[in-house]
Amino acid sequence: MAVVFDRPKSLTDAKFHYCPGCHHGIIHRLVAEVLDELGLQDRTVGIAPVGCAVFAYDYFDVDCIEAAHGRAPAVATGVKRTRPDTIVFSYQGDGDLASIGMAEIVHAAARSENITVIFVNNAIYGMTGGQMAPTTLIGQKTTTSPLGRKSELTGYPIKVCELLATLPGATYLARTSVHDPKNVRQTKEAIKKAFQLQVEGKGFSLVEVLSACPTNWHMKPVQALDFIKNDMMNYFPLGQFKSPEEAK
Amino acid sequence: MSKVRVTFNEELCKGCELCKNACPKGIIEMAGYINAMGYHPAKLVNPQECVGCGFCALMCPDLVIKIEKEEIK
Ligand SMILES: Cc1ncc(C[n+]2csc(CCOP(=O)(O)OP(=O)(O)O)c2C)c(N)n1
Ligand code: SF4
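Residue numbers (the numbering used here), protein chains in the order written: chain G, 1 to 248; chain F, 249 to 321.
Don't take each hint at face value.
[Unchecked claim] Keeping only pairs whose Cα atoms sit at most 25 angstroms apart, straight-line, the calculated SDA-like set for lysine to any residue is:
hint	chain 1	residue 1	chain 2	residue 2
1	F	K314	G	D13
2	F	K251	G	P181
3	G	K220	F	R253
4	G	K192	F	K251
5	F	K317	G	V3
6	G	K15	F	E265
7	F	K291	G	K193
8	G	K193	F	G302
9	F	K314	G	P20
10	G	K182	F	N283
11	G	K15	F	R253
12	F	K317	G	K193
13	G	K182	F	M278
14	G	K220	F	K317
15	F	K268	G	K193
16	F	K314	G	A14
17	F	K268	G	C19
18	G	K9	F	E259
19	F	K268	G	V4
20	G	K229	F	G302
[Unchecked claim] From chain F, some residues computed to sit far from chain G (all C-beta separations above 12 angstroms):
hint	residue
21	A279
22	G280
23	K291
24	N294
25	Q296
26	E297
27	E316
Derived from the structure by calculation, the hints contain no laboratory data. Source: prediction; values computed, not measured. Heads up, the beta-carbon is just placed ideally off N, CA and C, and yes, glycines get one too.
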């Protein structure tokens with residue numbers, strides 16, 4: 001019998017520490033599958049974030065660096081510029097990327113650093129116990145917005161792809177989701193395209209993946225899929241926000 | 249026609265039920281017993297009905313599922 005689906009080579013054998021039904025595991029697998037399929041494992045360096053994915057370096061079977069909170073794009077810039085043949089990706093949550101790391105991501109895109117960013121948007125700070133993130137939806141309850149987020153007090157959720165799309169340096173920007181098999185496949189296609197563009201030296205690529213944090217959303221994993229589909233996708237539309245053809 | 253074998257590595261399963269939810273044939277159930285982590289692992293109840301779509305494996309966040317196929321002439 002031929003094996004048609006199994007653990008990708010670019011993942012170690014380590015068991016993920018993520019909560020049951022957390023989508024970080026799906027997204028890790030898709031990145032690893034793409035590295036396998038493009039034959040990039042031997043020359044890839046991953047930059048891990050601060051957040052639940054802080055141990056990403058234990059899971060990806062590639063060289064990794066752990067960056068200070070939000071600074072992964074700056075570290076990625078350093079690796080890419082000193083070793084241009086290396087394929088560099090950062091893997092960041094929405095607290096990491098859109099809050100404390102907003103300056104780093106904007107400037108990396110503005111400079112069109114030839115790196116790939118995997119941006120996991122779960123609309124909350126997972127690791128620290130479910131505080132409000134810049135991407136938390138209006139009305140969404142978190143430990144720091146116990147009555148639901150109010151725009152009068154904290155403004156509106158930040159749409160990272162749309163924001164970065166205003167920068168000529170951003171080459172490829174896409175928002176996808178992993179709430180069902182079809183969208184998992186489309187997410188993989190987007191991640192593959194992002195890495196392919198980096199291989200071709202085309203500049204900055206980012207894939208924003210809408211992702212569930214069942215634990216801090218206080219939902220069962222299956223219920224969390226509906227929250228993505230009905231609530232998150234309503235505010236964060238899926239699609240391509242910049243294609244290499246329209247870049248620059 | 250193809251013959252499919254889907255195997256679950258029960259010790260990696262956290263019982264999230266995303267595979268069960270994705271299976272179009274409704275042939276994945278959670279076991280009555282628990283694994284070493286304390287979760288009820290997913291398992292295939294009617295393997296002969298499996299169409300090999302792989303949806304369970306696509307949704308599994310923990311690499312529990314392995315799929316093998318054999319072409320029958
Ligand atoms: C400089 C600094 N400030 C604050 C923190 C606390 N902290 C750890 S993780 C985190 C946010 C994580 O949220 P996110 O990036 O959305 O990732 P998730 O855990 O949801 O995957 C914060 C604020 C820290 N570790 N370092
Ligand atoms: S807290 Fe949320 S993001 Fe973190 S591992 Fe658990 S489900 Fe995933």
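Which hint numbers doesn't this structure obey? As far as the earlier hints go, 3, 4, 7, 10, 12, 14, 15 and 27 are violated by this structure, in ascending order.
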